[in-house]
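The chain contents come next:
Number of protein chains: 2
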Amino acid sequence: MGGGVVASLRRAGFATHVRDIRPEATAAAVALGAHPHDSAAALAAACDIVIVVVVDSDQVDAVLFGADGVTAMLAPGAIVMLASTLDPDDVAGFAARLSGAGVGCIDAPMSGGPRRATDGTMTMMIAGAADALARCAPVLAAIAGKVFEVGAAPGMAAKFKIVNNLLAAVNLAAGAEALALAAAAGLDVRTVVDVINASSGGSWIFADRMPRALDGDYAPRAAAKILAKDVGIAASFAARLHVDTPFALAAQATFREAVATGHGELDDAIVYACAQRKALPDEPLCQGESSVNRP
Amino acid sequence: MGGGVVASLRRAGFATHVRDIRPEATAAAVALGAHPHDSAAALAAACDIVIVVVVDSDQVDAVLFGADGVTAMLAPGAIVMLASTLDPDDVAGFAARLSGAGVGCIDAPMSGGPRRATDGTMTMMIAGAADALARCAPVLAAIAGKVFEVGAAPGMAAKFKIVNNLLAAVNLAAGAEALALAAAAGLDVRTVVDVINASSGGSWIFADRMPRALDGDYAPRAAAKILAKDVGIAASFAARLHVDTPFALAAQATFREAVATGHGELDDAIVYACAQRKALPDEPLCQGESSVNRP
Chain A
1 MGGGVVASLR
11 RAGFATHVRD
21 IRPEATAAAV
31 ALGAHPHDSA
41 AALAAACDIV
51 IVVVVDSDQV
61 DAVLFGADGV
71 TAMLAPGAIV
81 MLASTLDPDD
91 VAGFAARLSG
101 AGVGCIDAPM
111 SGGPRRATDG
121 TMTMMIAGAA
131 DALARCAPVL
141 AAIAGKVFEV
151 GAAPGMAAKF
161 KIVNNLLAAV
171 NLAAGAEALA
181 LAAAAGLDVR
191 TVVDVINASS
201 GGSWIFADRM
211 PRALDGDYAP
221 RAAAKILAKD
231 VGIAASFAAR
241 LHVDTPFALA
251 AQATFREAVA
261 TGHGELDDAI
271 VYACAQRKAL
281 PDEPLCQGES
291 SVNRP
Chain B
1 MGGGVVASLR
11 RAGFATHVRD
21 IRPEATAAAV
31 ALGAHPHDSA
41 AALAAACDIV
51 IVVVVDSDQV
61 DAVLFGADGV
71 TAMLAPGAIV
81 MLASTLDPDD
91 VAGFAARLSG
101 AGVGCIDAPM
111 SGGPRRATDG
121 TMTMMIAGAA
131 DALARCAPVL
141 AAIAGKVFEV
151 GAAPGMAAKF
161 KIVNNLLAAV
171 NLAAGAEALA
181 LAAAAGLDVR
191 TVVDVINASS
201 GGSWIFADRM
211 PRALDGDYAP
221 RAAAKILAKD
231 VGIAASFAAR
241 LHVDTPFALA
251 AQATFREAVA
261 TGHGELDDAI
271 VYACAQRKAL
281 PDEPLCQGES
291 SVNRP
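Sequence order for the protein chains is A and B.
Each residue of the first sequence is one higher than the last, beginning at 1 in the working numbering.
Each residue of the second sequence is one higher than the last, beginning at 1 in the working numbering.
To be clear, the hints were calculated from the coordinates, so they are not data collected in a lab.
Some hints could be false.
[Said to hold, decoys possible] The calculated SDA-like cross-link candidates involving lysine to any residue, where the alpha carbons are at most 20 Å apart (straight line), are:
1) 225(A) x 57(A)
2) 146(A) x 190(B)
3) 278(A) x 241(B)
With the hints as extra help, turn the sequences into a complete structure.
Here you go:
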């Protein structure tokens, strides 16, 4: 999704800098007019707002506070936007450490996937100090179609995002369960998808993911390991609050199994293929099967 | 939903007859220009297509084959459309018995709720013999926005409907779980609903039901007992096919509990209130609480 953010920022005319450990991602950003850097620290020296689009809290920690991390090089008053889906407590912790270094922090998770990131139409939840939010408003306007300001304390937006992603994970995993049942019943699964998309069982993620699942296209737009991580955060967050979440736990089991069987790097639509194979053990998992089980 | 069907048929100019055991439903249909009858048998004598919109297989059995049922009075070649969500095996059984009496049968479950029934924009799945489907096509065009013809054998459409309603039940019950977690985390639940409706966790039924749940409005458009029945059919159907359905079972538990605690006649959005009360035991279940626990 970082590439989509770069595209939207460039379209809006922002001077944009990029640091990505994947050379192909850096090259794509440069092709859009972004300035490449060899380290997060080098990028930080050139920016007053840094958007961190990585997978998990370990990566955020490394980008912010690791060797060649951004914090040491950011000018006082600079702002870090944390755009990943993270544990709310981790976000609060990062914000406190940044504050200690004189750097502002906006909790700014985003929803919508790479396509909406590129279109500049993502939904974002944001939480942070009013002055920091005001300074980031033009950037947010460039990358998001809808911005929900949900609080002043970093970590609040993460809570909203976790609740949303709990549902995204459940709706997707349950969709895979429903289509496995349909296949076992001898129904044409493509027709079932069309029916559900027009009926009361439809959901955003079902409509978004199932077309590529039906095509056996599991090139990762959103890797299964990411939703596995998100629903794990949701389950842990709920446990700390003593709230029972049987649906989140069932989704966690689905995504954990996808990762454990070597499919974590594939698109999260792979849960469809995993469910089909359980219901119809003789079916191939997907095209290019022989390479799928190798991590 | 029967009232909505009458409204759509009348708008399309069909001579429409009605039999409902609830006097107020009959009166509403008469106000739309339908001819009332005192029994299903009396209605059958006046119709060549009979649409049965009841809750479950026991009611279908009574309407078709009970004392004063339609089958004995239908002219040979008449057609019965079964519009309820029923076990596919029951639908096949009803069709066989109707066939023995010289009466055609269309398996025609519908999705969309009372509002879309009234607008004539429901989604319908239909299965039946080609000549019967052709004869019913003008009626279907009047009441449905989308018609999916899914097979020649009655019972096939019921399978599609059960798979859809499995997902509707899961998406709704999981939505209630997510909002209970949000409330326990101290989030503003109305904002959470707005965020989810604009994000990857959104679903048709979440967007449809949660506004009334937030208002504490549980006047039944779709009674909780109906989705309880549907997800029970889905779980039983899956068990017969040896397909594991952890999400359907979790939803079955949610809806069973809603019914067992005396909320089966309320709108199925009541699962929101039930989940809130579990997460926040001091919260009232809904407005008019004192009457809610009496069946």
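Hints versus structure:
no. : hint            : in the structure
1   : 225(A) x 57(A)  : 14 Å, holds
2   : 146(A) x 190(B) : 16 Å, holds
3   : 278(A) x 241(B) : 12 Å, holds
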